[in-house]
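If you read the sequences in order, they're chains A and B. As numbered in the working numbering, residues 97 to 210 make up the first sequence, in order. As numbered in the working numbering, residues 34 to 149 make up the second sequence, in order.
Heads up, a few of these hints could be off.
[Unchecked claim] Label pairs and their in silico Cβ distance ranges:
1. B:Pro40 <-> A:Ser134: 19 to 25 angstroms
2. A:Glu110 <-> B:Gly62: 34 to 40 angstroms
3. B:Gln35 <-> A:Asn148: 35 to 41 angstroms
4. B:Thr85 <-> A:Arg160: 37 to 43 angstroms
5. A:Leu135 <-> B:Asn50: 43 to 49 angstroms
6. A:Thr210 <-> B:Pro149: 37 to 43 angstroms
7. A:Lys153 <-> B:Ala34: 38 to 44 angstroms
8. B:His148 <-> A:Val170: 30 to 36 angstroms
9. A:Gly112 <-> B:Gln43: 34 to 40 angstroms
10. B:Pro149 <-> A:Ser149: 46 to 52 angstroms
11. A:Glu116 <-> B:Pro149: 40 to 46 angstroms
12. B:Gly62 <-> A:Lys113: 20 to 26 angstroms
13. A:Ser154 <-> B:Glu41: 25 to 31 angstroms
14. B:Asn45 <-> A:Asn106: 29 to 35 angstroms
[Stated by the list, open to error] Listed next, the in silico DSBU-like pairs over lysine-lysine satisfying Cα-Cα at most 35 angstroms (straight line):
15. B:Lys55 <-> B:Lys102
16. B:Lys102 <-> B:Lys91
17. A:Lys111 <-> A:Lys153
18. B:Lys91 <-> B:Lys55
19. B:Lys102 <-> A:Lys153
20. B:Lys82 <-> B:Lys102
21. A:Lys107 <-> B:Lys102
22. A:Lys153 <-> A:Lys113
23. B:Lys91 <-> A:Lys153
24. A:Lys107 <-> A:Lys153
25. B:Lys55 <-> B:Lys110
26. B:Lys110 <-> B:Lys91
27. A:Lys153 <-> B:Lys82
28. B:Lys55 <-> A:Lys153
29. B:Lys82 <-> B:Lys110
Honestly, the hints are just simulated from the structure, not real lab data. Positions of the beta carbon are idealized from the N, C-alpha and C atoms, including for glycine.
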Amino acid sequence: GAGVSQSPSNKVTEKGKDVELRCDPISGHTALYWYRQSLGQGLEFLIYFQGNSAPDKSGLPSDRFSAERTGGSVSTLTIQRTQQEDSAVYLCASSSGGTSYEQYFGPGTRLTVT
Amino acid sequence: AQSVAQPEDQVNVAEGNPLTVKCTYSVSGNPYLFWYVQYPNRGLQFLLKYITGDNLVKGSYGFEAEFNKSQTSFHLKKPSALVSDSALYFCAVRVPFSGGYNKLIFGAGTRLAVHP
Chain A
97 GAGVSQSPSN KVTEKGKDVE LRCDPISGHT ALYWYRQSLG QGLEFLIYFQ GNSAPDKSGL
157 PSDRFSAERT GGSVSTLTIQ RTQQEDSAVY LCASSSGGTS YEQYFGPGTR LTVT
Chain B
34 AQSVAQPEDQ VNVAEGNPLT VKCTYSVSGN PYLFWYVQYP NRGLQFLLKY ITGDNLVKGS
94 YGFEAEFNKS QTSFHLKKPS ALVSDSALYF CAVRVPFSGG YNKLIFGAGT RLAVHP
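Looking at chain B on its own, in the form it has when it is part of the complex (with noise of 0.2 angstroms):
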């Protein structure tokens, strides 16, 4: 079954500390994924994506992620955190279905909390 996971509930990280929120992805063919970001009482932001080239993809906000095709992951990452990053995470792929319509399926969320 085509699926994304976020394997943690919640990250804890101190303020100026590089963050990492990992997600990894079951699909079929070349993966398209994404990152989004959810900041309370808002809606979902986009905030990167990786469709081909540099496994690194560089986003909104200084954020970073690295697509891995041997582990099947699309960490997403920050060198240095602020606390206005504590927010909602998800991680989503693109999933193909038939009538050559595509659809994303998201991951169940990380919530992301910078201490400072």
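Chain A extracted, bound-state conformation (with noise of 0.2 angstroms):
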């Protein structure tokens, strides 16, 4: 079956432009989290979701962060006014709930601002 997917791969963007970032994750999989992971580091959590609601927003770095996901599906975060240090590749994960609870990964958004 299919994968969690992201998209754009790739995002050149200006200092200061806004910027969205999508994740589809794996059809019927509740739980959706964002992660960012600098250059050969660790994963930096953002934000995870339940269903459409966040009840964890406690990694996003700055109010430029904002999150959705609408009909329990797709996710996308934005990211306004993006500054040098937000060059990252941003993650998108889902998982089924339950008592599983492993993450399945996309393959993740490249996002350099230049």
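Mind assembling these two chains? They're in different frames, but the hints should get you there.
Here is the structure:
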């Protein structure tokens, strides 16, 4: 079956512009996560959705970052007024919940802010 | 605080030798533990998990991990390393939070380099 997909795969944007990153989770997965990974580094948790609600937004680094999820499926991560320090790979993962909890990751979106 | 630690930034091993990538955790309650692998320019792939039962868990690509409750560890192992195992490995632990929800927190990652 189809895995988690993300678009675009690469995004180059100028400092100050807004960007939208999209995640399509595995069909039927109720939980969705966004992470950020700087070059060769670990995963920085950004936000978690259960259905359409976000019980944990603790990882969003500033109010320039926001995310939404509609219909319990597709999610969009928006970064406003991008800064160079926002350059990273943004990873999305989904999980079926229940007693499994393992997350399945998409290929990521590489964001470069010039 | 609930956390997971990978004490080694990098592990070097010769092809054919056994490998171990270390992970320790700190959580309340029974731990749910995971290992993921990230190959260059690829997303993370699930390797294996421990939920309950046998302390030795077998996963993909010949990897296994041993849960040790007294040492709060979940080390990843493979009896004979391959050059193709060279990648970035992440340990993760389930963390419950208010409202009955759960999330995974990840260690910083360990880079495994297998030399021919």
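Hint check:
1. B:Pro40 <-> A:Ser134: 19 to 25 angstroms: The hinted range 19 to 25 angstroms holds for Pro40 of chain B and Ser134 of chain A, with Cβ atoms some 21 angstroms apart.
2. A:Glu110 <-> B:Gly62: 34 to 40 angstroms: violated (47 angstroms)
3. B:Gln35 <-> A:Asn148: 35 to 41 angstroms: violated (26 angstroms)
4. B:Thr85 <-> A:Arg160: 37 to 43 angstroms: Distance hint for Thr85 of chain B, Arg160 of chain A holds at roughly 42 angstroms.
5. A:Leu135 <-> B:Asn50: 43 to 49 angstroms: violated (29 angstroms)
6. A:Thr210 <-> B:Pro149: 37 to 43 angstroms: holds (39 angstroms)
7. A:Lys153 <-> B:Ala34: 38 to 44 angstroms: violated (19 angstroms)
8. B:His148 <-> A:Val170: 30 to 36 angstroms: Once the Cβ atoms are compared, 43 angstroms apart, the range 30 to 36 angstroms for Val170 of chain A and His148 of chain B is violated.
9. A:Gly112 <-> B:Gln43: 34 to 40 angstroms: holds (37 angstroms)
10. B:Pro149 <-> A:Ser149: 46 to 52 angstroms: Since Pro149 of chain B and Ser149 of chain A have Cβ atoms about 50 angstroms apart, the given range 46 to 52 angstroms holds.
11. A:Glu116 <-> B:Pro149: 40 to 46 angstroms: Holds, since Glu116 of chain A and Pro149 of chain B (Cβ atoms, about 44 angstroms apart) stay within the stated range.
12. B:Gly62 <-> A:Lys113: 20 to 26 angstroms: violated (44 angstroms)
13. A:Ser154 <-> B:Glu41: 25 to 31 angstroms: holds (28 angstroms)
14. B:Asn45 <-> A:Asn106: 29 to 35 angstroms: With a Cβ separation near 32 angstroms, Asn45 of chain B and Asn106 of chain A satisfy 29 to 35 angstroms, so the hint holds.
15. B:Lys55 <-> B:Lys102: The given pair, whose Cα atoms are some 14 angstroms apart, holds under the 35 angstroms limit.
16. B:Lys102 <-> B:Lys91: Between Lys102 of chain B and Lys91 of chain B the Cα gap is close to 17 angstroms, so the pair holds against 35 angstroms.
17. A:Lys111 <-> A:Lys153: holds (24 angstroms)
18. B:Lys91 <-> B:Lys55: holds (16 angstroms)
19. B:Lys102 <-> A:Lys153: Holds, at roughly 31 angstroms.
20. B:Lys82 <-> B:Lys102: holds (15 angstroms)
21. A:Lys107 <-> B:Lys102: violated (44 angstroms)
22. A:Lys153 <-> A:Lys113: holds (23 angstroms)
23. B:Lys91 <-> A:Lys153: holds (34 angstroms)
24. A:Lys107 <-> A:Lys153: Holds, because 24 angstroms separates the two Cα atoms, which is no more than 35 angstroms.
25. B:Lys55 <-> B:Lys110: The hint holds at about 9 angstroms.
26. B:Lys110 <-> B:Lys91: Measuring from Cα to Cα gives roughly 10 angstroms; hence the hint holds.
27. A:Lys153 <-> B:Lys82: Judged against 35 angstroms, a Cα distance of about 26 angstroms means the pair holds.
28. B:Lys55 <-> A:Lys153: holds (30 angstroms)
29. B:Lys82 <-> B:Lys110: holds (13 angstroms)
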